[in-house]
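Undergrad: Below, each chain spelled out in residue letters.
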Amino acid sequence: MSRRILPDSVRATHGPKAPWLALAGGILFLLSGLLSWSYDDRILGDLSIRFYPAGIQLYAMLFGVIGVILAVLLLRRPPWLSPARGLRILGTTGIVFVVWIIASVAYQSGGLINANEGGWVALVGAVLLTLAGHLSPEVDIDVRRWPRLSSTLEIVIIVVLMAILLFTVAYTLDIQDGVIFASFLIALIGLAGGLLGTGFGGYLGFIGANNRRPLLLAAFLVAFLFPFTQDGSDANMSIATQVLIFATTALGLNIVVGLAGLLDLGYIAFLGTGAYVAAMLSSSGFATIGWKPPFVVVMLIGAATAATFGLIIGSPTLRVSGDYLAIVTLGFGEIFRLAMFNLDGNNGPDLTNGPNGIPAIPDLELLGFDFGEVHTVAGIPLGRFSNYYFVLLLLLMFVMLVFTRLNNSRIGRGWVAIREDERAAEAMGVNTFGLKLLAFSVGAFLAGLAGTIKAHQDTSVSPDQYVFLESAFLLSAVVLGGMGTVVGVLVGATILKLLPEKLREVNDYRLLVFGLLLVVMMRFRPEGLVPSKRRQLEFHEEDQELSELLQAEHLQAEHLDPEQLEPEHLQGAK
Amino acid sequence: MSAMLEVKDLEVAYGKIKAVKGISFDVNEGEVVSLIGTNGAGKTTTLRTISGLLRPTSGSIRFKGKDITTVEAHDIVQLGLAHSPEGRRIFPRLTVEENLYLGAFARKDKGIDADLEAAYELFPILRERRAQPAGTFSGGEQQMLAMGRAMMSRPQLLMLDEPSMGLSPIMMKRIMTTVTTLQQQGTTILLVEQNAQAALKRATKGYVLEVGSIVLSGTGAELLSSDDVRKAYLGED
Ligand SMILES: Nc1ncnc2c1ncn2[C@@H]1O[C@H](COP(=O)(O)OP(=O)(O)O)[C@@H](O)[C@H]1O
Ligand SMILES: [Mg+2]
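Protein chains in written order, with the working numbering: chain B, 3 to 576; chain W, 132 to 368.
Isolated chain B, as found in the complex (with noise of 0.2 Å):
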């Protein structure tokens, strides 16, 4: 899996001079952050001015201390880092940042002459880190090996990470520009990327995979003071829910496709069937339906009402081979858009009044809780949007945990063999059909019970608002972040949902750009951002280092040293 550019000759021959490489790199990064990068002073929040720098100025200068550190760390060459690797990644991000921001200078005040001295100094800067990268030697390592600390300062680690990350979050939400975001993303993968590229990202991941508990409380501790962080805007939070809305039905989707791997191209419909429900429930002067029950009856109604259409599709079409799954649900969701859109009284019953659908949907009222209203806690004011942020967030561990634990069942094993041969899961004692029906249903459930909350915090449903394009986008955040792992579906959703709304500038381009990095994705990394193991290995069969990570995890789980078991295929494969 090395990833030599360079000819081993050339290696060896200017080899040692990678550090100084580097170290110049580094310095002139940092430098570039003294010079102007735009002779326009309007655009950018100013890159004009020398020896003052801003905003992501102060970028490349980050850009040029961790190649600083990178350097100095490849001339003292400890054995357990591999700083080329950092290197690469930081280099290859920051020529892919400076030509970003170049180009956007020239863009913006028409012409490429207006780009100043700063970008490309810059640019010498990130291809001399990329030089260097490739030019040093490889260290393989093995984190496993490194010291292990005392749990508490895993713990300690582990919390630290966490509030830096809040901070992050916080602060790429309240970039304006949609150019100066962009920057910042392209600069965050490229200086973690480096830090962590070294080593210390495996080492991260292995205390993590060692507290996963701590961590997983950690983690929704973020998520749940990202509001109080947000000083009571609403703007913030409104993506926020978005995004959580968006993610939590891409993973009940992905139980669906990426566990039981069933393709479902209409899975919008069950999120639509829920919020339709709620809608009709919900006591709007334009609901249809006189009953007005509480709201938690109202979420298990639209639940169930979804899982009994996912059990009408699933039922006749399951059986067959997995083609007609597709083609069904693709119908499925074309027809239930064709429903709502029709079902206005004059042709048939009045249920959703047609193409307007239900507008005036009330905030919800849980145990005397208004959801309209800012409520102020500890001195800061928590805003509508926030109040919804905290039920999804709710909702999404309730869909977290059902992943899991389905997962890790008895039912999740058979979907394996489900996924890996059906038929001879078959002729093992696996109900196939029975698991499938159950996956299906099951997703279906869960996007039902999201649509009703959906419902409420839209204030109103119609029929535009579950298209094709939106189960598409479900199914993408899905493969993009990666088939049958929560956090892959957890990045992946947030990229696909976060970025259009923060690229107000490329929105027309949206689907042009979402259409270019699937094909990206599929190119160099068709099993996801955060695959799991098993998956990768469906796509890299051959792949010798990987199927050796799975068989030292396995022989981990039983507490062996790989070591002690020397089979001869590992020793010939070297």
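Quick caveat, the hints were computed from the structure, so don't treat them as lab data. No experiment lies behind these values; they were computed from the predicted model shown. For glycine and all other residues, C-beta sits at the position ideal for the given N, C-alpha and C. There may be inaccurate statements among the hints.
[Unchecked claim] For the chain B half of the interface with chain W, some residues (derived, Cβ under 10 Å), not all of them:
no.: 1; residue: Glu336
no.: 2; residue: Gly416
no.: 3; residue: Glu422
no.: 4; residue: Arg425
no.: 5; residue: Glu428
Here the structure of chain B is known, so what remains is to put chain W with the ligands in place on it, guided by the hints.
TA: Okay, now just chain W with the ligands, sitting in the frame of chain B:
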């Protein structure tokens, strides 16, 4: 006493094509029964129908006295009838141990770990490689895994579909010895083979299947010495 497995007038069709045309045979407890026949004779179809993966157009199948003709595949496994399918069909990306555990999927009792030990005793190489993805195995190792996996459901009747297919003579012998071992340990075996010599040598009883019909039957030794079998399956004239 009735036979452990009774197949009566079994007919199976793929659409209009009749693959099995009214066959009847018995497997008694403790026996190794061989079903031999050339490619396309209908052996796999017969096994798949017995284990509930295909539905017959007519005829009946009784297992331990119970009619299982319309019982679902996953329930048949629970009754104690295991099927090691043609071509092994191990789960390639799962480890050996995960494969074995999936063999016990239909079970809910506490004896699974003990049976895992038994499978490892039967094929020590599986223990050695328990953490290896099964897809990296050679054909013979995959066959051992497939047999071990089938045994994990703790079957009373084990059906093996061409276990010797594509194996080296040594590996084939190893597999066939295991068949005898399993028989001695009390498992009844229905063995489907194209390799008549190996299959009949160990069989208490044998049936010869040709284009969907049983054309010959007898004890293993009888069939081995029959002229028809020698001509058609052992390449002698
Ligand atoms: N899935 C299928 N669809 C249609 N015909 C099939 C199918 N499987 C097997 N057949 C046909 O049924 C007959 C018996 O096949 P099979 O049971 O696989 O034979 P054997 O296992 O003895 O080689 C053959 O003529 C084969 O072509
Ligand atoms: Mg066959």
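Undergrad: All the hints need checking, so say for each whether the structure fits it.
TA: Outcome of the hint check:
For glutamate 336 of chain B, the shortest C-beta to C-beta distance to chain W is roughly 32 Å, which exceeds 10 Å, and the interface hint is violated. Checking glycine 416 of chain B against chain W by beta carbon gives a least distance of about 6 Å; that is within 10 Å, so the hint holds. Residue-level restraint check for glutamate 422 of chain B holds (minimum Cβ-Cβ distance to chain W is 4 Å; threshold 10 Å). At its closest, the beta carbon of arginine 425 of chain B sits 7 Å from a beta carbon of chain W; the interface hint therefore holds under the 10 Å criterion.
For glutamate 428 of chain B, the suggested interface contact is upheld, since its CB lies about 5 Å from the closest CB of chain W, less than 10 Å.
In terms of the numbered hints stated before, the structure departs from hint 1 and from no other.
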